[in-house]
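Let the hints inform the model, and build the full structure from the sequences given.
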Amino acid sequence: DTGVSQDPRHKITKRGQNVTFRCDPISEHNRLYWYRQTLGQGPEFLTYFQNEAQLEKSRLLSDRFSAERPKGSFSTLEIQRTEQGDSAMYLCASSSIIPGQGARVYEQYFGPGTRLTVT
Amino acid sequence: AQKITQTQPGMFVQEKEAVTLDCTYDTSDQSYGLFWYKQPSSGEMIFLIYQGSYDEQNATEGRYSLNFQKARKSANLVISASQLGDSAMYFCAMRERSQGNLIFGKGTKLSVKP
Chain F
1 DTGVSQDPRH KITKRGQNVT FRCDPISEHN RLYWYRQTLG QGPEFLTYFQ
51 NEAQLEKSRL LSDRFSAERP KGSFSTLEIQ RTEQGDSAMY LCASSSIIPG
101 QGARVYEQYF GPGTRLTVT
Chain D
1001 AQKITQTQPG MFVQEKEAVT LDCTYDTSDQ SYGLFWYKQP SSGEMIFLIY
1051 QGSYDEQNAT EGRYSLNFQK ARKSANLVIS ASQLGDSAMY FCAMRERSQG
1101 NLIFGKGTKL SVKP
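As given, the protein sequences belong to chains F and D, one line each in that order. So that you can map any letter, position 67 of the first sequence is 67 in this note's numbering, and since no number is skipped, the others follow by simple counting. With positions in the second sequence counted from 1, the corresponding number in this note's numbering is that position plus 1000.
In short, the hints are calculated from the structure, not lab data. Ideal Cβ placement from N, Cα and C applies to all residues, glycine included. Incorrect hints may have been included.
Claimed, not checked - Result set (SDA-like, lysine to any residue): computed pairs, CA atoms no more than 25 Å apart in a straight line:
| no. | chain 1 | residue 1 | chain 2 | residue 2 |
| --- | --- | --- | --- | --- |
| 1 | D | 1109 | F | 40 |
| 2 | F | 57 | D | 1097 |
| 3 | D | 1109 | F | 96 |
| 4 | D | 1003 | F | 107 |
| 5 | D | 1003 | F | 41 |
| 6 | D | 1106 | F | 14 |
| 7 | D | 1109 | D | 1018 |
| 8 | F | 57 | D | 1086 |
| 9 | D | 1073 | D | 1096 |
| 10 | D | 1113 | D | 1073 |
| 11 | D | 1073 | D | 1022 |
| 12 | D | 1109 | D | 1022 |
| 13 | D | 1109 | D | 1028 |
| 14 | D | 1070 | D | 1018 |
| 15 | D | 1003 | D | 1046 |
| 16 | D | 1106 | F | 84 |
| 17 | F | 57 | D | 1109 |
| 18 | D | 1106 | F | 62 |
| 19 | D | 1003 | D | 1050 |
| 20 | D | 1106 | F | 85 |
| 21 | D | 1003 | F | 14 |
| 22 | F | 11 | D | 1025 |
| 23 | F | 57 | D | 1096 |
| 24 | D | 1109 | F | 14 |
| 25 | D | 1106 | F | 39 |
| 26 | D | 1003 | F | 28 |
| 27 | D | 1109 | F | 44 |
| 28 | F | 11 | D | 1041 |
| 29 | F | 14 | F | 38 |
| 30 | D | 1073 | D | 1042 |
Claimed, not checked - Only some residues are given here: those of chain D computed to face chain F with a beta carbon under 8 Å:
| no. | residue |
| --- | --- |
| 31 | 1035 |
| 32 | 1050 |
| 33 | 1065 |
| 34 | 1068 |
| 35 | 1100 |
| 36 | 1102 |
| 37 | 1105 |
Said to hold, decoys possible - If we take Cβ atoms under 8 Å as the criterion, some of the chain D residues that face chain F in the derived model are:
| no. | residue |
| --- | --- |
| 38 | 1044 |
| 39 | 1045 |
| 40 | 1047 |
Take a look at the structure:
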């Protein structure tokens, strides 16, 4: 093992094309998160899943973005009709959450990211 | 309003010395967690240390310790005996119990000088 893996690591695409990224979380983790990081900034939250359910979406996630986690394991993030402003590092993270654990807030483990360049 | 503030864009420290990276936060939740991550030039975010809002003791993990001052809403990271490999971006983050996601600061770039 295996930490969080992401594929591809780099993607160059032309404006207007669609792209899809994949994230494989740590196997026993039931929560999966997507973040976006632009140069010189900290990661910004996009969306997260608990098992296969998408529990929260950021306002950053425009209609052109869609994420799925169909069987509660790996997840995909698709960007349709890419724009130059979509150029960023897309980070995936996973964590475990155990109902009834009270205030314990579990750390998230990040993958290596997918760097998207839109030309 | 910014929820996580890191006021030091860049810091220099001499090898083997200790360094403190500042972080202040803003939340109305009583239950929350504070995290520090390291991001080397390779880009991967590496979890360093966690402090829960109800933890009475400051968290420590090896050379990392978190100076948690709840009343001041600060969660500074202290790295002791700096090493050249500590040169990286460091991000402070918070997760409120009512939210699932982490909220990150803008980061501090630490450079360790030989």
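25 Å limit on alpha-carbon distance, applied to hinted pair residue 1003 of chain D and residue 1046 of chain D: Satisfied, since the Cα-Cα distance of roughly 21 Å is no more than 25 Å.
Residue 1106 of chain D paired with residue 14 of chain F [C-alpha distance capped at 25 Å]: Status violated; Cα separation ~29 Å.
Pairwise hint evaluation, residue 38 of chain F against residue 14 of chain F, where the allowed Cα distance is 25 Å at most: holds, 18 Å
Pair hint outcome, residue 57 of chain F versus residue 1096 of chain D [Cα-Cα no greater than 25 Å]: Measuring from Cα to Cα gives roughly 16 Å; hence the hint holds.
Pairwise hint evaluation, residue 14 of chain F against residue 1003 of chain D, where the allowed Cα distance is 25 Å at most: violated, 35 Å
Restraint status (C-alpha distance of residue 1073 of chain D to residue 1042 of chain D at most 25 Å): At roughly 31 Å apart (the allowed maximum being 25 Å), residue 1042 of chain D and residue 1073 of chain D break the hint.
Satisfaction of hint between residue 14 of chain F and residue 1109 of chain D, Cα-Cα up to 25 Å: violated, 32 Å
25 Å Cα cutoff - pair residue 1113 of chain D, residue 1073 of chain D: violated, 30 Å
Given pair status - residue 28 of chain F, residue 1003 of chain D, alpha carbons within 25 Å: violated, 30 Å
Residue 1106 of chain D paired with residue 62 of chain F [C-alpha distance capped at 25 Å]: holds, 23 Å
Satisfaction of hint between residue 39 of chain F and residue 1106 of chain D, Cα-Cα up to 25 Å: holds, 10 Å
Residue 1109 of chain D paired with residue 44 of chain F [C-alpha distance capped at 25 Å]: holds, 18 Å
Checked against the numbered hints listed earlier, the structure breaks hints 3, 6, 8, 10, 13, 17, 21, 22, 24, 26, 30, 33, 34; every other hint is satisfied.
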